[in-house]
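Once you've looked at the hints, go ahead and assemble the two chains, each given alone in its own frame, into the complex.
The lines below spell out each chain.
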Amino acid sequence: MWESMSRREVLNVGAGAVAAGVGLTAGPARALNDYAEQIKKFTGGKTPVEGRVKLDLPELAENGNTVPLSVAVEAPMAGVHVEEILVVAPANPNARVIRFRFSPMSVPEASTRIRLAETQNVIAVAKLSDGTFLQATRQIKVTIGGCGG
Amino acid sequence: MAEFKPRIRLDKKEVKKGETVDVKTLVSHIMETGFRHDPDGKLIPRMIINTFTSELNGKFVFGCDLESAVSANPYFEFKFKPEESGTLKFTWIDDEGVRIEATETITVT
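Residue numbers (our numbering), protein chains in the order written: chain A, 1 to 149; chain B, 1 to 109.
With the rest of the complex left out, here is chain B (with noise of 0.2 Å):
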């Protein structure tokens, strides 16, 4: 299986409540888009992610359902005004089923 390796980066993990926090995230993934063909004429089946989320404590913040048009390595930045202090989880899925994680810790003072 393929190495995910999801990248995050917060601008800030410590924020006063009301304040906005910046998000990047990129994983590593070959998007295959299925419109393809293998030297042979084939087609190469579609494989991609198709599902991402992100949640704080379990409470859902931003997500999203890509199809064949989003790069390979998705990226993405949202922004968000956590409301609690906590843990701030990462969640891609792909075709297989596969479920790549990542988690951050976020402070609201």
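In isolation and in its complexed conformation, chain A is listed as follows (with noise of 0.2 Å):
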């Protein structure tokens, strides 16, 4: 189901659903969930450009209970830092998996370890200090889910 769709066409299902307050029965995956709202939210509206950030993580995850992430932001011009950076995980049961915050000391970059309940499209926003939202997109297939649902 996600092999065969582009990310605009599951960005536009997942928005749908949303709307429509009803669940996309995509085979045996949950309905996702409101991450589309979340990335609004986080953005105050503002649609973030694909590209120059660097979400890292296993193309398979047999364990979805501890998954690593790396995300880092390419070098942003001289005089603007990265914020913030939003993971949020579409077919999770919520859909904000963690914010990490920068500050003016920071290199733009984190690591961690998360649960993803299933296999799925992860998405990271860079909130950059210009104003300006920077985002990736990166998908994980999940052998055994890892939200204790």
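Read the hints as simulated data drawn from the structure, not as lab findings. There may be inaccurate statements among the hints.
To be verified - Straight line, CA to CA, 30 Å or less: simulated BS3-like cross-link-like pairs of lysine-lysine: (1) A:Lys54 - B:Lys24; (2) A:Lys54 - B:Lys89; (3) B:Lys79 - A:Lys141; (4) B:Lys17 - B:Lys89.
Next up, the structure:
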């Protein structure tokens, strides 16, 4: 299902599902959560630009309970720094995964370990101090889900 | 109350100005998601660390807001360029308001 859809289609379907208040029935997959809403809230309605964010996840996670995640933003222009990065998981029970907060002292990269309920496209959105937003999407296959649902 | 035992590793504690320090932190915590049920079918309430911050001499360096989707025993790695020597303080706060703290000393030459 995911494999056969482009990112745009996935986003459209997700937004439609949220708008209609109904679940998307993609085989055994659970309905997508309100991740689009969460991104909108984070960006204040601005559309993030695809690129310059590097989101690293394994291609395949056998255990969804502890999946290593790294995110980094390509060096922005002088005087601009990365303020925050929000990570969302559209097929988890709760869309929000983590929000990293940086300072002018920071190197704009961070790593942690996360839980993923099932195969899905994880999204990272970075907020820059000049008010722009950048985004990266990465698919990960999960063999055994890890949200204790 | 559970033992939390924070662990911190800095790749170096003495740096020249402009150099990057790599910080790895780990703290033991169950990170109960709030989505699981006990054997009687009752929902187990959420109990997670919801905030982590790192400060140098009281100045914010790095932090994050955690959700249920962060794995048990939260691990973070981040990098920064310290502006001055001093105390690097790490604070984790969980849903019950328990604060876990740790400090490291950094020297900038």
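Worksheet item: Which earlier hints can't be squared with this structure?
Response: Of the numbered hints, all hold.
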